[in-house]
Amino acid sequence: FQEQPPQSETSYSSRGFQFTSADGLYRLQLAGRLQFRFATPADQDPITYDDFFEQKQNLFKINRARFKVGGHAHKPWLKYYFEYELSASRLLDFRVMVEKWPWLSFKFGQWKSEYTRERVISSGNQQMMERSIINRPFTLDRQQGATIYGRWDGGGLANFNYHLMALTGTGIGARNNDDSRLMYSGRLQWNFLGDGVAMSGSALEFYSEPVASLALAGSTNSSQYTRYSSQGGGQLVGFENGSPGQYQMDQFLIESSLKYRYFSWHSEFHRKNILDRETDRLTRLQGWFVQGGILLNPKQAASEGTKLELAGRYALFQPEMELQGNREREYSLAFNCFFNDHLNKMTVDITRFDFEEESVNREASGWRFRVQYDFSF
Amino acid sequence: FQEQPPQSETSYSSRGFQFTSADGLYRLQLAGRLQFRFATPADQDPITYDDFFEQKQNLFKINRARFKVGGHAHKPWLKYYFEYELSASRLLDFRVMVEKWPWLSFKFGQWKSEYTRERVISSGNQQMMERSIINRPFTLDRQQGATIYGRWDGGGLANFNYHLMALTGTGIGARNNDDSRLMYSGRLQWNFLGDGVAMSGSALEFYSEPVASLALAGSTNSSQYTRYSSQGGGQLVGFENGSPGQYQMDQFLIESSLKYRYFSWHSEFHRKNILDRETDRLTRLQGWFVQGGILLNPKQAASEGTKLELAGRYALFQPEMELQGNREREYSLAFNCFFNDHLNKMTVDITRFDFEEESVNREASGWRFRVQYDFSF
Amino acid sequence: FQEQPPQSETSYSSRGFQFTSADGLYRLQLAGRLQFRFATPADQDPITYDDFFEQKQNLFKINRARFKVGGHAHKPWLKYYFEYELSASRLLDFRVMVEKWPWLSFKFGQWKSEYTRERVISSGNQQMMERSIINRPFTLDRQQGATIYGRWDGGGLANFNYHLMALTGTGIGARNNDDSRLMYSGRLQWNFLGDGVAMSGSALEFYSEPVASLALAGSTNSSQYTRYSSQGGGQLVGFENGSPGQYQMDQFLIESSLKYRYFSWHSEFHRKNILDRETDRLTRLQGWFVQGGILLNPKQAASEGTKLELAGRYALFQPEMELQGNREREYSLAFNCFFNDHLNKMTVDITRFDFEEESVNREASGWRFRVQYDFSF
Numbered sequence: 001f002q003e004q005p006p007q008s009e010t011s012y013s014s015r016g017f018q019f020t021s022a023d024g025l026y027r028l029q030l031a032g033r034l035q036f037r038f039a040t041p042a043d044q045d046p047i048t049y050d051d052f053f054e055q056k057q058n059l060f061k062i063n064r065a066r067f068k069v070g071g072h073a074h075k076p077w078l079k080y081y082f083e084y085e086l087s088a089s090r091l092l093d094f095r096v097m098v099e100k101w102p103w104l105s106f107k108f109g110q111w112k113s114e115y116t117r118e119r120v121i122s123s124g125n126q127q128m129m130e131r132s133i134i135n136r137p138f139t140l141d142r143q144q145g146a147t148i149y150g151r152w153d154g155g156g157l158a159n160f161n162y163h164l165m166a167l168t169g170t171g172i173g174a175r176n177n178d179d180s181r182l183m184y185s186g187r188l189q190w191n192f193l194g195d196g197v198a199m200s201g202s203a204l205e206f207y208s209e210p211v212a213s214l215a216l217a218g219s220t221n222s223s224q225y226t227r228y229s230s231q232g233g234g235q236l237v238g239f240e241n242g243s244p245g246q247y248q249m250d251q252f253l254i255e256s257s258l259k260y261r262y263f264s265w266h267s268e269f270h271r272k273n274i275l276d277r278e279t280d281r282l283t284r285l286q287g288w289f290v291q292g293g294i295l296l297n298p299k300q301a302a303s304e305g306t307k308l309e310l311a312g313r314y315a316l317f318q319p320e321m322e323l324q325g326n327r328e329r330e331y332s333l334a335f336n337c338f339f340n341d342h343l344n345k346m347t348v349d350i351t352r353f354d355f356e357e358e359s360v361n362r363e364a365s366g367w368r369f370r371v372q373y374d375f376s377f
Numbered sequence: 001f002q003e004q005p006p007q008s009e010t011s012y013s014s015r016g017f018q019f020t021s022a023d024g025l026y027r028l029q030l031a032g033r034l035q036f037r038f039a040t041p042a043d044q045d046p047i048t049y050d051d052f053f054e055q056k057q058n059l060f061k062i063n064r065a066r067f068k069v070g071g072h073a074h075k076p077w078l079k080y081y082f083e084y085e086l087s088a089s090r091l092l093d094f095r096v097m098v099e100k101w102p103w104l105s106f107k108f109g110q111w112k113s114e115y116t117r118e119r120v121i122s123s124g125n126q127q128m129m130e131r132s133i134i135n136r137p138f139t140l141d142r143q144q145g146a147t148i149y150g151r152w153d154g155g156g157l158a159n160f161n162y163h164l165m166a167l168t169g170t171g172i173g174a175r176n177n178d179d180s181r182l183m184y185s186g187r188l189q190w191n192f193l194g195d196g197v198a199m200s201g202s203a204l205e206f207y208s209e210p211v212a213s214l215a216l217a218g219s220t221n222s223s224q225y226t227r228y229s230s231q232g233g234g235q236l237v238g239f240e241n242g243s244p245g246q247y248q249m250d251q252f253l254i255e256s257s258l259k260y261r262y263f264s265w266h267s268e269f270h271r272k273n274i275l276d277r278e279t280d281r282l283t284r285l286q287g288w289f290v291q292g293g294i295l296l297n298p299k300q301a302a303s304e305g306t307k308l309e310l311a312g313r314y315a316l317f318q319p320e321m322e323l324q325g326n327r328e329r330e331y332s333l334a335f336n337c338f339f340n341d342h343l344n345k346m347t348v349d350i351t352r353f354d355f356e357e358e359s360v361n362r363e364a365s366g367w368r369f370r371v372q373y374d375f376s377f
Numbered sequence: 001f002q003e004q005p006p007q008s009e010t011s012y013s014s015r016g017f018q019f020t021s022a023d024g025l026y027r028l029q030l031a032g033r034l035q036f037r038f039a040t041p042a043d044q045d046p047i048t049y050d051d052f053f054e055q056k057q058n059l060f061k062i063n064r065a066r067f068k069v070g071g072h073a074h075k076p077w078l079k080y081y082f083e084y085e086l087s088a089s090r091l092l093d094f095r096v097m098v099e100k101w102p103w104l105s106f107k108f109g110q111w112k113s114e115y116t117r118e119r120v121i122s123s124g125n126q127q128m129m130e131r132s133i134i135n136r137p138f139t140l141d142r143q144q145g146a147t148i149y150g151r152w153d154g155g156g157l158a159n160f161n162y163h164l165m166a167l168t169g170t171g172i173g174a175r176n177n178d179d180s181r182l183m184y185s186g187r188l189q190w191n192f193l194g195d196g197v198a199m200s201g202s203a204l205e206f207y208s209e210p211v212a213s214l215a216l217a218g219s220t221n222s223s224q225y226t227r228y229s230s231q232g233g234g235q236l237v238g239f240e241n242g243s244p245g246q247y248q249m250d251q252f253l254i255e256s257s258l259k260y261r262y263f264s265w266h267s268e269f270h271r272k273n274i275l276d277r278e279t280d281r282l283t284r285l286q287g288w289f290v291q292g293g294i295l296l297n298p299k300q301a302a303s304e305g306t307k308l309e310l311a312g313r314y315a316l317f318q319p320e321m322e323l324q325g326n327r328e329r330e331y332s333l334a335f336n337c338f339f340n341d342h343l344n345k346m347t348v349d350i351t352r353f354d355f356e357e358e359s360v361n362r363e364a365s366g367w368r369f370r371v372q373y374d375f376s377f
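Chains A, B and C are the protein sequences, given in the same order.
Taking the numbering used here, the leading residue of the first sequence gets 1, the next gets one more, and so forth.
Taking the numbering used here, the leading residue of the second sequence gets 1, the next gets one more, and so forth.
Taking the numbering used here, the leading residue of the third sequence gets 1, the next gets one more, and so forth.
These are calculated hints, taken from the structure and not from any lab test.
We put the CB at the ideal spot given by N, CA and C, even for glycine.
You may find that some hints are simply not true.
Unchecked claim - Covered by chain B, per the in silico footprint, the following chain C stretches (three or more residues, Cβ under 8 Å): (1) 21-28; (2) 47-54; (3) 87-100; (4) 187-194.
Please model the complete structure; the sequences and the hints are all you need to start from.
Next comes the structure, spelled out in structure tokens:
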């Protein structure tokens with residue numbers, strides 16, 4: 001308890017207003033983000049055949065309203081962070097990190113488990129307006145637990161980021177583990193050009209040398225859930241509410257990411273097996289996407305500050321690999337107008353969805369148009 | 001992303017603690033408000049005959065607990081604001097404003113639609129303890145959407161404030177519009193003495209010259225609701241839960257406001273038509289109120305700081321103009337003790353309600369007494 | 001409204017980052033606390049026979065996630081404080097205090113009523129990991145209302161703290177009192193060695209002179225509840241949901257507290273009578289605990305900063321004094337590792353519960369093991 005509190009420094013940083021004590025041991029950062037979205041005929045990706053025939057809505061909504069508090073306390077390497085979703089009154093992130101050594105860090109609490117790059121990139125730093133159709137079936141989303149992670153830079157090709165996680169596997173906000181088995185997950189990212197790609201979309205500065213990352217990740221868990229989202233554990237289409245430990249889920253991904261000059265690239269390939277222990281039914285899912293974008297006005301952007309980007313994505317999801325004719329496809333085109341990089345931007349996107357269900361001999365397709373404004377402070 | 005964050009300024013302002021970056025581009029304001037209320041025999045205005053015969057409660061409650069964050073980011077004219085009700089865990093305001101030109105501003109998000117002055121005045125800046133009985137049937141309350149607004153000062157009599165709004169019309173917190181039609185609303189305020197009356201009750205300083213405003217506002221909407229409140233869309237007495245687009249609501253108001261010396265005046269006259277599209281029933285509502293107050297101790301207040309005010313209101317509401325004998329009346333008297341203007345004040349009020357329902361040949365009346373303490377920081 | 005806001009001071013204090021205006025009239029403190037807990041086979045104390053035979057869970061959870069805002073406004077003695085539980089989206093504390101004179105202060109709002117020391121000590125300043133088994137039946141927990149309190153130091157033995165409270169008696173978050181009778185509670189603490197024991201566990205500094213407090217407290221209430229917790233009013237085992245005013249509760253406690261050198265002591269003895277007005281059944285409850293702890297490494301702690309403490313507790317609860325053979329016992333041992341006193345600490349505890357219900361001729365017992373990390377910023 002400090003009787004004579006030292007003078008602190010106050011400043012605005014990319015993480016919001018920042019207050020630091022004179023001894024450097026304490027820091028508090030306050031930030032927020034508001035995201036508004038207009039969508040027609042609907043905002044959510046269609047996930048069933050019937051979704052293509054829902055009534056049209058011209059919807060305008062506050063999509064995200066975040067309040068973020070971070071910093072460090074007691075030691076410069078003892079960090080904390082929490083993020084609260086104000087519109088849904090939901091605690092999202094909530095974690096303490098011990099980052100004393102770059103190659104060996106510890107984190108515990110609740111956060112987005114470091115599995116897919118697509119999910120780890122904040123919704124405020126995305127290149128496209130929203131994640132792809134394969135995020136829903138494959139993401140581990142936010143979990144509670146603990147992780148060991150770090151970066152090992154041995155020079156030359158020997159440059160890796162790793163994460164080893166033990167998680168409850170019951171999703172955001174869960175208070176208990178449903179059975180005595182935890183979720184285990186690991187991720188290894190190889191930065192073979194020496195510098196990895198940060199967890200942020202779009203090439204908003206000039207990369208004179210390419211930066212690239214290749215990653216492998218895997219996860220195993222048994223729980224009552226077959227998928228996870230910001231609302232916690234849930235079920236994929238075709239799965240019923242499970243009992244504790246009913247679903248054994250094993251999954252992996254291969255991911256690539258690159259930024260060079262004003263071009264950026266990102267791809268992911270996913271496999272996931274779900275074993276229903278009660279019926280012994282095994283379901284194998286597969287999905288992948290490729291995504292790329294390029295800055296349109298690098299020269300004008302340097303003087304004006306407003307950057308324009310065009311980006312596109314193709315994604316394919318097979319909900320049941322036994323049924324090769326059942327496929328969902330997404331073709332997206334996004335146009336970004338960065339007034340102040342990711343902190344103040346407008347995005348317009350147009351998407352075509354193709355839905356084929358040969359097993360029951362039907363198909364559908366549809367278009368979606370959206371406009372979004374994202375503002376960080 | 002600023003590598004070398006500039007030094008900021010820290011200060012206390014009427015909007016709470018305020019942090020501003022050295023370049024002036026970023027500002028953060030943190031404030032809060034706590035409101036405690038004691039009421040007997042009940043706090044809510046009676047709205048039906050039966051409400052007059054409810055059991056008496058001596059209630060003490062935390063009536064409002066607000067956390068407010070505002071400021072600007074990236075540009076001095078790019079402003080943001082959010083307000084969260086802590087006791088109900090509800091996001092109230094949530095908006096971004098582009099205020100580059102006084103005569104042409106833009107706002108989007110969720111906020112109190114600029115329709116009636118009575119509703120727009122914050123609950124912390126009211127002259128009486130609470131809004132009148134006609135607020136419930138006529139307010140548009142908070143909505144999501146976008147607005148163009150501004151002030152045009154052409155000199156002399158040519159001094160106007162205007163607001164043009166396109167809103168979802170489904171109330172606070174709504175994620176979708178219920179049909180493809182939006183709510184449209186407009187307001188024109190004429191400041192015929194050159195200086196308009198700010199959106200705050202009571203004349204707490206000496207107005208050597210009178211300031212006055214006359215306003216006209218109107219709104220049209222079709223939705224499943226017949227009224228709006230802080231809880232979102234709802235139904236007036238006598239209306240059942242509607243289906244999307246069932247109720248066509250058209251309404252207008254005429255409003256006057258004046259402050260001169262230590263006296264303040266405020267009146268509103270409302271009309272509203274509700275067409276039930278399923279039964280073709282048209283209901284016409286009317287209501288008005290007049291309200292005035294005067295500072296009791298202007299001379300002592302100058303030295304002591306504590307200001308005393310006496311204020312009164314008369315309000316009349318006719319829920320169905322076809323039935324002229326159905327009338328609700330409110331007579332209120334409020335005594336304010338401003339320790340630090342609206343930021344720290346105590347209010348005592350006494351109200352008499354008269355309820356006449358000639359159509360079913362019954363009437364009732366009752367008294368209410370309340371004490372409130374309102375504290376902003 | 002200050003046109004020229006004065007410069008403020010910014011610092012880090014034991015209550016988080018603190019901003020004070022130049023005139024000293026305004027102060028804002030922002031702080032937070034994160035608490036993580038692992039427990040096996042369960043976290044909650046068993047309260048029924050069946051609880052001993054529940055399925056084992058290895059649970060990891062975010063146990064507390066607090067955001068705290070405090071300070072003063074308008075006057076240095078006009079203080080405010082609110083605390084919000086982020087993981088449950090619940091407003092905990094919410095109060096304004098007038099602390100102009102040490103011997104006569106006023107508080108209103110919602111807060112932990114000053115009844116038992118065990119409950120008043122913040123969960124972040126506890127010596128043991130959690131409160132004892134008798135907290136559940138005897139605490140008044142958080143209530144809404146008003147209190148007069150203060151400290152009277154007449155020199156020598158004449159040193160007292162007092163609290164006189166009028167509360168709604170309907171628990172946290174309640175908007176109404178259920179009947180017209182309030183809860184009344186009082187507490188008198190005698191600091192007979194001149195300096196009282198602060199509301200914080202463990203002797204973390206060297207007390208060369210002993211400090212001690214003896215306290216008496218009592219409460220009377222009639223409501224629909226037989227107990228209170230952070231979730232509001234509820235029922236003890238054996239009581240059904242009540243109607244307004246059904247349960248008349250009268251209770252008192254005797255409490256002692258001492259710190260000397262590196263040793264700390266705390267004990268409480270409770271009695272509570274519950275009269276069911278509908279059946280005229282009177283139930284008499286009794287409970288007590290003793291608790292003590294000692295710093296293990298005072299010399300090393302002075303240089304290293306990390307303090308180690310061993311603490312133990314014995315608690316006995318008799319849910320029905322008529323049935324002397326019905327008893328619940330808790331034996332707890334806790335090991336604390338204070339990295340930065342209570343602000344950054346890890347606690348390991350092991351507890352044995354004994355449950356005897358001679359009236360139905362059965363008994364059970366069980367062990368519990370927990371690890372907790374508590375981090376304040």
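Status of the hints after comparison with the structure:
Here the region 21-28 of chain C counts 4 residues with a CB under 8 Å from a CB of chain B, which clears the bar of 3, and the coverage holds. For a cut-off of 8 Å, the count of residues in the region 47-54 of chain C with a CB near a CB of chain B stands at 0, and the three-residue condition is violated. Against chain B, the region 87-100 of chain C contributes 6 residues with a C-beta closer than 8 Å to a partner C-beta. That satisfies the three-residue criterion, and the hint holds. Only when three residues or more bring their CB closer than 8 Å to a CB of chain B does the claim for the region 187-194 of chain C stand; here the count is 0, and the claim is violated.
In this structure, the hints that do not hold are numbers 2, 4, in rising order.
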